[in-house]
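Protein chains: 2
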Amino acid sequence: MAEFKHLVVAKFKEGVVLDEILSGMEKLVSDIESVISFQWGEDIESLDMLRQGYTHAFMMTFKSKDEFNAFLGHPKHLEFSETFSQVIEKIVVLDFPVVLSKSPSPPPPPPPA
Amino acid sequence: MAEFKHLVVAKFKEGVVLDEILSGMEKLVSDIESVISFQWGEDIESLDMLRQGYTHAFMMTFKSKDEFNAFLGHPKHLEFSETFSQVIEKIVVLDFPVVLSKSPSPPPPPPPA
Chain A
1 MAEFKHLVVA
11 KFKEGVVLDE
21 ILSGMEKLVS
31 DIESVISFQW
41 GEDIESLDML
51 RQGYTHAFMM
61 TFKSKDEFNA
71 FLGHPKHLEF
81 SETFSQVIEK
91 IVVLDFPVVL
101 SKSPSPPPPP
111 PPA
Chain B
1 MAEFKHLVVA
11 KFKEGVVLDE
21 ILSGMEKLVS
31 DIESVISFQW
41 GEDIESLDML
51 RQGYTHAFMM
61 TFKSKDEFNA
71 FLGHPKHLEF
81 SETFSQVIEK
91 IVVLDFPVVL
101 SKSPSPPPPP
111 PPA
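Protein chains in written order, with our numbering: chain A, 1 to 113; chain B, 1 to 113.
If we strip away everything but chain A, and leave its shape as in the complex, we get (with noise of 0.2 angstroms):
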C-alpha cells in the first residue's frame, strides 16, 4: 500500500510569530503516532513568479490514505487546525498517495572482514 503525503504550502499573515506555529505543529506530529514522518522548509531560491507570494511548505507522510483520514479527525488536528487557519493568508493543500520514482540507493555493504 502507498504512503500517504498532507503537502500544506502556505503564505502566513504579516506579524505572525512563526515559532509558536512551529511549536504546535512538532507537538502535534509528535503527540500523533500515525505521522510517521514530518519534514518541512522555508523558501530560500525560487523566482518570485514562480514562489507566487508562498514562503513555507510542510510534508507530513502517512502509512496509508486511512491513517491519513484518522488524523484529519483526529481531536488535537482539528485544534490545530483551528489556530493555523488564523495566521495563514493563503495556503494550498494536496493529499495524494505517493509515487517513489527514485529513492536513495542504500548504503554500501561493509567491506569484507
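Please keep in mind that the hints were generated in silico from the structure rather than gathered at the bench.
Computed from a predicted model, the values in this text were never measured in an experiment.
A few of these clues could be false.
No distinction is drawn between identical chains; accordingly, a pair holds when it is met within one copy or between any pair of copies.
[To be verified] Cross-link-like lysine-lysine pairs, in silico, DSS-like; alpha carbons within 30 angstroms at most: (1) Lys76 / Lys63; (2) Lys13 / Lys102; (3) Lys90 / Lys76; (4) Lys11 / Lys27; (5) Lys102 / Lys76.
Using the hints provided, position chain B relative to the given structure of chain A.
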C-alpha cells in the same frame, strides 16, 4: 548539511497527456545523479477550497543547495523546463533546505543469533 528540496505544485492545461510529462520527468531525475530522491502524487483528498485547482505535487531531493543549483543549470533540466512550462496552467515552486522534525523509527535490531 541540510538536504535541499525542490517542490513543484502544478495544474496542467486541459488535454495535456500526463504520461508523457511523467516519463520525461522520470527520465530527467534518473539521468541526473544529484537528484537523490523523487516522489510525486496526484491529489485525491483535499477540499476544493484548499486545493485551489492544483492537482499534482512533485518533490525532488538533493544532498545540498549546491547540488540543487547545479541541477537548475543542467542542460537536461533546462530542456525539460522548457517543455514543462508549455503544459502547465499554473504553478507554485518552493526551494528550501529540509528541516526534518519527525522521521520513521529505524527498524528494530535483528534478534541475537
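Going through the hints against the structure:
1. Taking the shortest Cα distances, Lys76 and Lys63 sit within 30 angstroms of each other inside one copy (19 angstroms), while across copies they are farther apart (34 angstroms).
2. In this homomeric assembly, Lys13 and Lys102 come within 30 angstroms of each other (Cα to Cα) only across copies, at 26 angstroms, whereas the closest approach inside a single copy is 36 angstroms.
3. When the C-alpha separation of Lys90 and Lys76 is checked against a cutoff of 30 angstroms, the pair qualifies only within one copy, where the shortest distance is 22 angstroms, while the shortest distance between copies is 33 angstroms.
4. Taking identical chains as interchangeable, the C-alpha atoms of Lys11 and Lys27 lie at most 30 angstroms apart only when both belong to the same chain, with a minimum of 21 angstroms there against 32 angstroms between chains.
5. Taking the shortest Cα distances, Lys102 and Lys76 sit within 30 angstroms of each other only across copies (17 angstroms), while inside one copy they are farther apart (34 angstroms).
The structure is consistent with each of the numbered hints, conforming to all of them.
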